[in-house]
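K.L.:
Keeping their order, the protein sequence lines are chains A and B.
Each residue of the first sequence is one higher than the one before, counting from 1 in our numbering.
Each residue of the second sequence is one higher than the one before, counting from 506 in our numbering.
Everything labelled a hint here was simulated from the structure, so no lab data went into it.
Small disclaimer: the values here were computed from a predicted structure and weren't measured.
Positions of the beta carbon are idealized from the N, C-alpha and C atoms, including for glycine.
It is possible that some hints are incorrect.
[As the list claims (entries may be wrong)] Result set (EDC-like, lysine to aspartate or glutamate): computed pairs, CA atoms no more than 16 Å apart in a straight line: (1) B:LYS772 / A:GLU326; (2) A:LYS243 / A:ASP180; (3) A:LYS263 / B:GLU831.
[Unchecked claim] To give an idea of the chain A side of the interface with chain B (calculated C-beta under 8 Å), a few residues: (4) ASN116; (5) GLU205; (6) LEU269; (7) ILE276.
[What the hints assert, rightly or not] Reference listing, derived: stretches of chain A covered by chain B, where coverage requires no fewer than 3 residues with Cβ under 8 Å from a Cβ of chain B: (8) 362-370; (9) 476-486.
Number of protein chains: 2
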Amino acid sequence: MKHLIPLASLIILLACAKPIPEEQISSPNIILFMVDDMGWQDTSVPFWNQVTEFNKRYHTLNMERLALEGMKFTQAYATAVCSPTRVSLLTGMNAARHRVTNWTLQPDQLKPMETNHDVFEFPMWNVNGISPDSSLPHSVYASPLPMVLRSHGYATIHVGKAHFGAIDTPGANPLNLGFDVNIAGHAAGAPKSYYGTENFGNTPEFEGTPWPVPGLEEYHGEDIYLTDALTNEALEALEHVDKPFFLYMSYYAVHTPIMANHKYFNKYLETGLDSIEARYATMIETMDNSVGRFLDYLQQRQLDSNTVILFMSDNGGLSAIARGGEPHTHNRPLSSGKGSIYEGGIREPMLVKWPGVVEPGSQSNNYLIIEDFYPTILEIAGIQNFLPVQIIDGISFLPVLQGKSPSNPSRPLFWHFPNEWGPTGPGIGAYSAVRLDGWKLIYYHHDGSYELFNIDNDISEAVNLSTDEPEKREELAVILSNYLVSVDAQMPTYLESGAPVPYPQ
Amino acid sequence: MKHLIPLASLIILLACAKPIPEEQISSPNIILFMVDDMGWQDTSVPFWNQVTEFNKRYHTLNMERLALEGMKFTQAYATAVCSPTRVSLLTGMNAARHRVTNWTLQPDQLKPMETNHDVFEFPMWNVNGISPDSSLPHSVYASPLPMVLRSHGYATIHVGKAHFGAIDTPGANPLNLGFDVNIAGHAAGAPKSYYGTENFGNTPEFEGTPWPVPGLEEYHGEDIYLTDALTNEALEALEHVDKPFFLYMSYYAVHTPIMANHKYFNKYLETGLDSIEARYATMIETMDNSVGRFLDYLQQRQLDSNTVILFMSDNGGLSAIARGGEPHTHNRPLSSGKGSIYEGGIREPMLVKWPGVVEPGSQSNNYLIIEDFYPTILEIAGIQNFLPVQIIDGISFLPVLQGKSPSNPSRPLFWHFPNEWGPTGPGIGAYSAVRLDGWKLIYYHHDGSYELFNIDNDISEAVNLSTDEPEKREELAVILSNYLVSVDAQMPTYLESGAPVPYPQ
């Protein structure tokens, strides 16, 4: 078991070395819509086996359009917080390996909530994020996805939230990671304001904070929502492209601050929604409307048949703080939300459209995880001969897109968070976890306890089977432990004993 | 009419020169509870002639206690935004005179929304706030209330929000304005966070912003709400006082960010309240609980019979942005809210307790305005021989406290806002206004239009009588105009014509 992941990496390399079918050699355009903090149920597209109240609440006609024209993934995973996901996307590495396990911002230091913790001394994780420069301390050195794409002839465009590297490090600037164009991306993971009338937070009141959105000065003072300004700029950038493009459309929405798009606000308020939730719903609809503008643009420019569209979120929907109504209920039937190892924190709404390859209106219940996007996108782009400096954990899901079985149906997925996020709630804290087939084992660092769930039967993770199913628990603990050993995963140290938290097995 | 205010000032000086009854010579302790952004209906104490849904929603048992033991003022006014009110309180001047007509923060510059306005070029108002130093440009030079009290033997304690002067100006520090002690006050008018667990906003993420609350380091990392930390510190400060004291208990609450005190949150949520409104209700109850801790403390120390308590808010309840539910409805039956010249923006919940002087359970329907606190408090303190450097607009309401008629029952009150606040809504914008007896005339700068309301009959300002009652309109326009002329009130200039907005008459 110890060699599992190097083997998996080999499988990728082999997969990439396979002959590529004709339609993929043509270097299709690729748009990746990455929504921030969007939950699995924050859409009118049903990702569960029944239509929920949330599906009725949200209006995402363009996601419905994508689902009709493409494939819906019901078990797509990310990590529970933003930076680990985004670094996994750009490197193909699992978070336990790249060690950007918490969200980045300030360089060279742990987060405040990690330096004053009651129970743990936390390891110095890669607080500086991803770096194209191997000499930067506390960062992961890797060949970023857009850099590989660019070196193989793609135009690469970054729009919106970057959040790849700490302030003043090279990785903070998308241009240093292989993007030709950067619109409004920097070190921070949230906007100070979504309103052009508030200059997206660029006011003297907030001078010096990292949150004002950069680079959209022409919209300052205008009555425009950030999502719409980003869409305008992205469409404008596409006008200047004369080769295959990779557009990373990375919405700041629907992250806090939860600010209404007033165009839609009353509509939701009048349904009796809590006002925070009504605001949130407008953020979702504004994002969806932006997706529609791209779909329309592709049709108008007759680019739609040669453009692959991927839609994904970076972690579960926020539910521990700042949302309306009862905490931890916003992703039901999934338990908990952003920051949690429960499904509510990690399961994402994912869609892929690829005319001629992906069967319209299809659905995949195969699980996958965010680091799989790296090898998949490179394979979609027809890029075979690349030698990244990092070891790739991800496995291409191109076969699934083509309607075949996944290349490794019984692979384990791993999560590792030896950190402190901030807010509290179910499944939130320092943990490691593994998913294999229908099972998920969680190992909590603070007390070494386990939770074992059968996700296939118990999507809400209500029944902990770790006592009733000791063999399954043991089997998964070994797999998890071996993986953590193989990547030399960082662990917290107990303040009381001075000893590190042991690996699960 | 032109000499109205100098005359009014004379009345004050004469009032102060009258013989002072025995019970006031004893220099009672004075506590002024100033709540930030609290609306007229944000309490279980009914300030209208009927119990409203809001009175049922909020739980303010200690305000009820104050109302039972003291006097309730149903028509107490402030200005519509914070700094003008606070400067009027500390100087006794009307905002038209002191010219700190908008809220302060950045030194030497107009607000961003004032420099990019569609219609107006705005005058350079006193953006630096109040100053004890006559040489500071763009500031009002005055003898601040606490300085007068201190020079007459009072211990003066500032707790909480100051917001008197722009960043790096002398007035930003309460110690420069006559306070012996300053707990947590500085230039900013809001806290970055109400949570000790978030260090009240003192985290690297917000380095350099003016909003982190200063001086409460001992609570950093603790699970304590800002209001409670301020109360702890204030009570501790009182332990060290050995002479009559003036405690200015200036809550940061209930200003944004609207953050729940989790101790009370579920209680309000379970009543079916919108989650923002449930949060807001917890902020109100936490403030009220703090008031109760002071009342208990005074009893325990047997100080209650010789302590005057005043309770006031600095402007109407926020309703244009950030609140739950439909905008502009949060102060009903009053129209609009903070920032508006309508009653919702300027009418405040006010209570005064003074054992032996104020009749318990009494009510005054006489109107008064925030600058009246200056001469009143000095008169309560028995201070007769003071010669402030500024002209005082305020009139003491001590006679009202004593159960007599007001000294000038038919005086006009003035509001003047030649500025841009930011959010929009009913009655929000640049305006001048006058209240006289039952009438209120509003003059809107952008188009020179009038609104005339009979407040006594129409508290919601639904019926504009400016056409039906031309004589009353004319009479009030003259009074308003004369006052503005007498203080050389600043006016905006129309961008289109380059001409200043004329005075109303």
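K.L.:
Evaluate each hint against the coordinates.
P.N.:
To see whether the hints hold, each was checked on the structure:
1. Taken as a hint, the B:LYS772 and A:GLU326 pair is honoured in the structure, with Cα atoms around 11 Å apart against an allowance of 16 Å.
2. This hinted pair checks out: A:LYS243 and A:ASP180 have alpha carbons roughly 12 Å apart, not beyond 16 Å.
3. Between A:LYS263 and B:GLU831 the CA atoms are separated by roughly 14 Å; this keeps the pair inside 16 Å, and the hint holds.
4. Using the Cβ-Cβ criterion of 8 Å, the hint placing A:ASN116 at the interface with chain B is satisfied: the shortest such distance is roughly 5 Å.
5. At a threshold of 8 Å, the smallest CB-CB gap from A:GLU205 to chain B is about 6 Å, leaving the interface hint in force.
6. Checking A:LEU269 against chain B: minimum C-beta separation of about 7 Å stays under 8 Å; hint holds.
7. Nearest Cβ of chain B to the Cβ of A:ILE276: about 5 Å, under the 8 Å cut. The hint holds.
8. Only residues whose C-beta sits within less than 8 Å of a C-beta in chain B count toward coverage, and the stretch 362-370 of chain A has 0 of them, not enough to reach three; the restraint is violated.
9. Remark: the stretch 476-486 of chain A is not confirmed as covered by chain B, as 0 of its residues place a Cβ nearer than 8 Å to a Cβ of that chain, below the required three.
In this structure, the earlier hints numbered 8, 9 are contradicted, and the remaining ones agree with it.
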